[in-house]
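Q: Protein chains in written order, with our numbering: chain A, 1 to 110; chain B, 1001 to 1426.
Keep in mind that the hints were calculated from the coordinates and are not lab data.
Hints should not be assumed to be uniformly reliable.
[Said to hold, decoys possible] Covered by chain B, per the in silico footprint, the following chain A stretches (three or more residues, Cβ under 8 Å):
(1) 31–37
(2) 45–51
(3) 84–93
[Stated by the list, open to error] Residues from chain A that face chain B, not an exhaustive set, calculated with beta carbons under 10 Å:
(4) 54
(5) 60
(6) 107
[Said to hold, decoys possible] Lysine-lysine pairs mimicking DSS-like chemistry, simulated, CA-CA at most 30 Å apart:
(7) B:1374 <-> A:92
(8) B:1144 <-> A:71
(9) A:71 <-> B:1260
(10) B:1099 <-> B:1232
(11) B:1303 <-> A:92
(12) B:1103 <-> B:1144
(13) A:92 <-> B:1099
(14) B:1418 <-> A:108
(15) B:1418 <-> A:109
(16) B:1099 <-> A:108
(17) B:1099 <-> A:109
The model shown is predicted, which means the values in this text are computed figures rather than measured ones.
Backbone N, C-alpha and C define an ideal beta-carbon position, used for all residues, glycine too.
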Amino acid sequence: MIVMSKIKVAMAAAVMSTAIPLSVSAQPNSAEQIYNMSLAATCANCHGTNGISAAGNNMPQISDLTHEEIKTRMLEYKAGTRQGTIMPQLAKGYTDEQINAIAVLLGKKN
Amino acid sequence: MNRRLFMGQSAALIGAASSFPAFAAQASSLQKAKIIVVGAGYGGATAAKYLRSLSNNSADVTLIEPQAEFISCPISNLVVGGVTQIQDITTSYDGLVKKYGVKMVKDSVSKIDPVKKTVQLASGTVMPYDKLILSPGITFNMDKVEGLAAANQAGVTLQAWKAGPETVALHKQIAEMRDGGVFAMSIPLAPYRCPPGPYERACQVANYLKQHKPKSKVMVFDANADVTSKGKLFKAVWAEQYQGIIDYQPASNVVGVDAKTKTLKFELRDDFQADVLNVIPQMSAGKLVVDTGLANANGRWAKVHFLNFESTAAKDIHVLGDSIQVAPGMPKSGHMANQQAKVAAAAIICELSDYPVNPNPVVTNTCYSFVNSKDVVHVASVHQYNAEEKTFKTVKGSGGLSPAPNALEGIYAWGWAKNIWSDTVG
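Chain B with its partners taken away, still in its complex shape (with noise of 0.2 Å):
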C-alpha cells in the first residue's frame, strides 16, 4: 500500500494535526486486510479475538468454524467419569462477536488456494484472504488401527477425543457397562494431542468404576515405552487409590480392533477382549492442513517459524495449535494453542501495521490434570524465543509439577478453565 500518496490525501482532507495521517495510513492497511481465521478451539478463537483487541477493533476478522458453540476438551475427561456435565464446559461464541466484533461465519472449509489467496467454504462461498490462519486441530489416522474407523462408525469403538457428543456417549457406555467389566482403552505413541489426557481419563474411570461397579477394571494400553507426562505423579496415585483397578501396560501398541467381539489386537502381545474399547488413534495435522500441502514435517505436522506462526511452506498462512511441529518441550495442549495464538496475533498486527515484529515472544503453559473429583496435578513450563536457535526453549530453572496430588489444585484448575474459556471465546 502506498502509504505516502495515502498520507497526502488525508492531509488535504483533515488539514490540521499532522501526525494524524500517520496513524489514519498504518490504521486503514491494517483496517483493509481481510483476516481469515479458520477453526474457533483454543487456536482460533483466541486469535480472532486478539487480532481485534491488539488492533483497537481495527483488524477485520472473519472466523470460519462449523460448530455452534465451544466445547472443551481439557476437563472433558470429567464428564467422561461422571463427575460434570457436557453444558459444564460448554460455551457460547457470543462474545466473539458482540464483545469483540468477530465475524462469524458457521462452516467449514472445502479448500485452500494459497497463490490465489482464497478460501472455499463448504457452502460454495470462496473468500478472499491477505492473511489466514488454520487452528483446525487434529485428524485422527485411523487406518492405522485395522478395523478401527468401521468399529468408530458403528459406535463401538469411541474415541472421545475431540470433546462433544462422543464424551457424553463414552460416559454412557461406562455407566451401562456390567459391574465387573474391563474398560480397556489404549494410548498412541507420542506426539499426540494432550499429553496427560488419556492417564487422567484413566483416572477418572478408575474413580466412577470404585463409586459404582468396584468389581470393575481399567487396562491402560501404552505404545509408549512409559507414561509420557506426570509419570510419577499418576503412578503414585495409580498405586494409593485406583490399587486393583488400573491395570497399566506400556509399550503395548494396538493394530486392530474386532467390533463384534471387542477384541484389542497388538504387535507383540495377546489379543485383549474387554466390555468397554476406548481406542485413542494416532494423530497428525488437522485435515486442512495436510490437503494445504503444509504438513511438511513427516508429512504430519506442519512447520512453523515460531516469530509469527507463519507456515514454511506459505507465504501469509499461520498455523496454530496441536496441527504444528512443536519446538522443543511444547505440549500440544489448549493452553498452547491460546498461547501461540496471542504470539501470531500480534505478530500480523505488527506485519500489517509496517512496525517489526516483537523479537522476544514468550509462551507458557499450565495443565492440570484430575486425578479425581476434586484432586489435581499439574505440569508447567515457561518458554522463550531463542534467536540462534530461531525457536522457543524452556526456560532453565522455570516450569515444574506439583509435589503430590491436592485439592487447592483442584479449585485453581476450574479458575484456570473459567478464564481461558472467557480468554479464548470472548
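Here chain A stands alone, though its shape is the one from the complex (with noise of 0.2 Å):
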C-alpha cells in the first residue's frame, strides 16, 4: 500500500483500468519463471490447477507430497522402479531437469 501511493500512476492506472479486485503482483515473472509455471501446468489436467486436486478420492493430491517425494517418485516411474497406471508412460517423456523443475513448483511449500 505505501508502495502504491508512491507510484502515482503507471502502475494504478493499469490495475484500476482491468477494474477487478484481485491482486496485481508488481513483480511480473521471469521467462524463466513462466517457462517452469508452463512446464507445472502439464501436471494440472488430471491433478489439478498448481498440483492442488478438485477431485476428492478420485486422485492422488500431488501438494501434499514435498519436492523431494516428487522428484523422487516420478524418477522411479521413470526408471520402471515403481508401479503406477498412467505415470510410468508420462514420466519416460520429461528430462531429469523437468520433473525436478515441475517437483519444485508443486512441492508442499514448507
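Build the complex: two chains, separate frames, hints provided.
A: Right, here's the structure in full:
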C-alpha cells in the first residue's frame, strides 16, 4: 500500500483499468519462471491447477508431497522401479531437469 | 511501445528503486495489450485463465462464448449411455470471471478482420485486439452425406459430437427404441475430433442395451480401415462383454441418409435400415477459422507455428484445439487443447513482455475411455518440441495404453474429469 501511494501512476492506472478486485503483483514473472510454470501446468489436467486436486478421492493429492518426494517418485516411474497406471508412461516423456523443475513448483511449500 | 521513454517517466514519478521502472515498463505493455479469446471450450477457456495466472492477473483478457455453461464432450458418452446425467458434465464459467478476472462476453463472433485487427460480434459490437486466440472447435461437413443436414435438422439423425442438448436427445432415442431394435452409428475418416470417442460410444450404447433391451444390436459402420484408437483393447471388450450386440464393420463409408426410412446409404455396400441413427459427420476447423482464411491445410485445418500456436496465415492470431493441423501423433482431444492453450498463453505473455518464448514446450495427452459404467482403458502420450523439425514429436519409450480395462482407471478418469474441468474453467 505504501508502494502504491508513492507510485502515482503508471502502475496504479494500469491496475484500475482492469477494474477487478484481484491482486496484481508489482513484480511480473521472469521468463524462466513462466517456462517452469508452463511445465508444471502440464500436470494440472489430472492433478489440478498448481497440483491442487479438486477431485476428492479420485486422484492422488500431489500438493501434499514435498518436492523431494515428487522428484523421487517421478524418477522411479521413469526408471520403471515404481508401479503405476499412467505415471510410468508419462514420466518417461520428461527430462530429469523438467521433473526437478515441476517438483519444485508443485511440492508442498514448507 | 517505447520502453525507454516510459522508464524515464516512471523513474521521475517514483524516484525510488531503480529496478521498479523496468518491471513497470514490462508490466505496462503487457497490461495495455488487448487479448481476445474466442470460444470457451477446453482450448479457449484454459488460454484465458492461464493468460491471467501467468501474468499475475495483469493481462487484459476478454473471452467470447455464446453458451452459458461449459459442457464437456469427454465423458458425454456416459450421458448417451444413461450412466450419468448432463448436469454431471456441466460446469459454470464463474470461476474464470470471479477467481481469475477474465472478462466474459456472451455472444458469438460473426467476422474477424486480421488486417484491422478487429473482431465483430453477432450483436454488432466491434472489438479491437492486439492478440487474438481462436479455439472454435469443429465444423460438421454435413454436405458430405446426402440428406444428412435435413435429417439432422428434423431431429432424426443426431450427431451429439458437440456435448449439449443433442447428447440428452440421443440417449432419449436409445431409451425409447424397441427391444430388438438396431442402433446404427457411423464414423468418418480420420482425422476427426476425439479418435476413441466413437468406439467408447459403441460400448456405452451396448452396455445400456445389454441391461435394458437385450435383444437389440449396435452396428458400427467405420469409414476407416480399422479402429483408429485403442483398437486391440476395444475389440477385446466387444468380444468379451458385447458379443452378439456390437457388430463392427470397417471400410464402410456412409454417403447418404434417408431420414424417412432411417436408412444409411454406402459407397460400396448395401443400404442399411435401423431404428436409431447416429451419423458422425466428417469434420473440419471451426467456421470462424475457415471464414478468416486460416484453414490452410487442405482447406480443412489451420496450420500453426508450434512454439506459440500462431496461425501461419495471419500474424497475432493463434489457433488452438481441434481446428489445428496437428503435429504427428497429436490427437484432437480436449486434454490436448488444454495443453496447447497453456503453451500459447505462456508464449503470448512472453511476447508481450519482450521475453524470448519458451524454446522447449511440452504437451501431453491422456485419454480415458469407459468400456462400461466403471471400467476404463487409456492412451497417454508426451510430446516435446523438436527445434530442427519445428514441430512436437512424441518421446520415444514414453506414453502407452492400459493392459486391459480396469476399475482403478475408472476412478482416475473421473479424477481427470473433475480436475481438468477445474483447470479449464476455474
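Q: Decide, hint by hint, whether the structure agrees.
A: Evaluation of the provided hints:
Counting residues of the stretch 31–37 of chain A whose CB lies closer than 8 Å to any CB of chain B gives 4, so the stated coverage by that chain holds, three being the minimum. Using a Cβ-Cβ cut-off of 8 Å, 5 residues of the stretch 45–51 of chain A lie near chain B, which meets the minimum of three, so the contact claim holds. Check result for the stretch 84–93 of chain A against chain B: holds, 7 residues qualifying (beta carbon to beta carbon below 8 Å, three or more required). Hint on residue 54 of chain A holds. Least Cβ distance to chain B is approximately 4 Å, under the 10 Å limit.
The closest approach between the C-beta of residue 60 of chain A and any C-beta of chain B is roughly 8 Å, which is under the 10 Å cut-off, so the hint is satisfied. At about 18 Å, the closest approach between the beta carbon of residue 107 of chain A and any beta carbon in chain B exceeds 10 Å, and the interface hint on this residue is violated. Distance check on the hinted pair: residue 1374 of chain B and residue 92 of chain A sit about 28 Å apart at the alpha-carbon level, within 30 Å; holds. The straight-line distance between the Cα atoms of residue 1144 of chain B and residue 71 of chain A is roughly 51 Å, outside the 30 Å bound, and the hint therefore fails.
With a C-alpha separation of about 61 Å, the suggested pair residue 71 of chain A and residue 1260 of chain B falls outside the 30 Å cut-off, and the hint is violated. Distance hint between residue 1099 of chain B and residue 1232 of chain B is unfulfilled; the C-alpha atoms sit about 43 Å from each other, more than 30 Å. In summary, the hint linking residue 1303 of chain B to residue 92 of chain A is supported, as the alpha carbons are separated by about 29 Å, within the 30 Å threshold. Annotation: proposed proximity of residue 1103 of chain B to residue 1144 of chain B is violated, straight-line Cα distance about 38 Å (limit 30 Å).
Pair hint residue 92 of chain A plus residue 1099 of chain B does not hold up; C-alpha atoms about 34 Å apart against a cutoff of 30 Å. In summary, the hint linking residue 1418 of chain B to residue 108 of chain A is supported, as the alpha carbons are separated by about 21 Å, within the 30 Å threshold. Straight-line distance between C-alpha atoms of residue 1418 of chain B and residue 109 of chain A comes to about 24 Å, which keeps the hinted pair within the 30 Å bound. Our distance criterion of 30 Å between C-alpha atoms is met by residue 1099 of chain B and residue 108 of chain A, whose separation comes to about 22 Å.
At roughly 22 Å between alpha-carbon atoms, residue 1099 of chain B and residue 109 of chain A fall within 30 Å of each other, so this suggested pair holds.
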